[in-house]
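> Use the sequences and the hints to build the structure in full.
Quick note on numbering: our numbering labels position 105 of the sequence shown as 1603, and the sequence is numbered without any gaps.
Errors might be hidden in some of the hints.
Pairs of lysine-lysine, DSSO-like flavour, derived with a Cα cap of 27 Å [what the hints assert, rightly or not]:
hint, residue 1, residue 2
1, K1672, K1654
2, K1654, K1696
3, K1692, K1672
4, K1696, K1513
Please keep in mind that the hints were generated in silico from the structure rather than gathered at the bench.
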Amino acid sequence: MLIFKDGSYVTNLPKVLVAIPAYNEEECIEGTILELKRVAPEFDFVVINDGSRDCTLELCTNLGCNVINMLINCGLTVGFQTAACYALENDYDYMVQFDADGQHRPEYISELVSKAQFDNADIVIGSRFLSMRKDMSMRMFGSRMITFIIKMLTGKRISDPTSGFRLFNRDVLKEYSCNDTLNPEPESIAFFIKQGYKVSEIQVSMRERQGGESYLNPIRSIQYMVRVFVTLLIVQWFR
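In structure tokens form, the structure reads like this:
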């Protein structure tokens, strides 16, 4: 049963897939999977092992996980599109993008689903900043700039456009499955808003990475922000 904030509820649960992209996450993946099974056992999940060179695949196999194993590292976009196709082929109503590194909290998954149904939203973003302010940093500054650009392009304010904790319905998954130019990044959120899709947000709390090293070091973080700015201002402007 999903209970909405106004007290209403639905008894027919939608079919939800939690998609977990993983690349060299042997230090985190076991804890992430065990917590997901304990806190949100009502949801199916699949690990997209993106050509990991460590023990990620072995750990997932030992835990009895459903795994899509990419033989080589294909990157987040291909992994996400693969998960989208899997969700569509197996008749899921929603897919939730969920990090393997322990930053995302599984207790919010049901809230994402509830928000999607209550708002009739196509995308729901788990936002760190919807009702909470954080100290300014380079990363926070970049996120606010992306928020400003998306608002300028679409007229809608997205408080946490770089959040990777997001829910997508079947209509959006179909777009991802047949459009190679789309990626699970802020510029695609802007694209969907401009195309008339409804995007909602809920407030979530996230943790620091629970182990291992992040792909985004300071230099890559700057490169990422620059790429997003350019794509939003040049590509999305003309879409």
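> Decide, hint by hint, whether the structure agrees.
Hint-by-hint comparison with the structure:
1. K1672 <-> K1654: Status holds; Cα separation ~23 Å.
2. K1654 <-> K1696: 10 Å, holds
3. K1692 <-> K1672: 17 Å, holds
4. K1696 <-> K1513: 20 Å, holds
Violation of the numbered hints given earlier is absent; every hint is satisfied by the structure.
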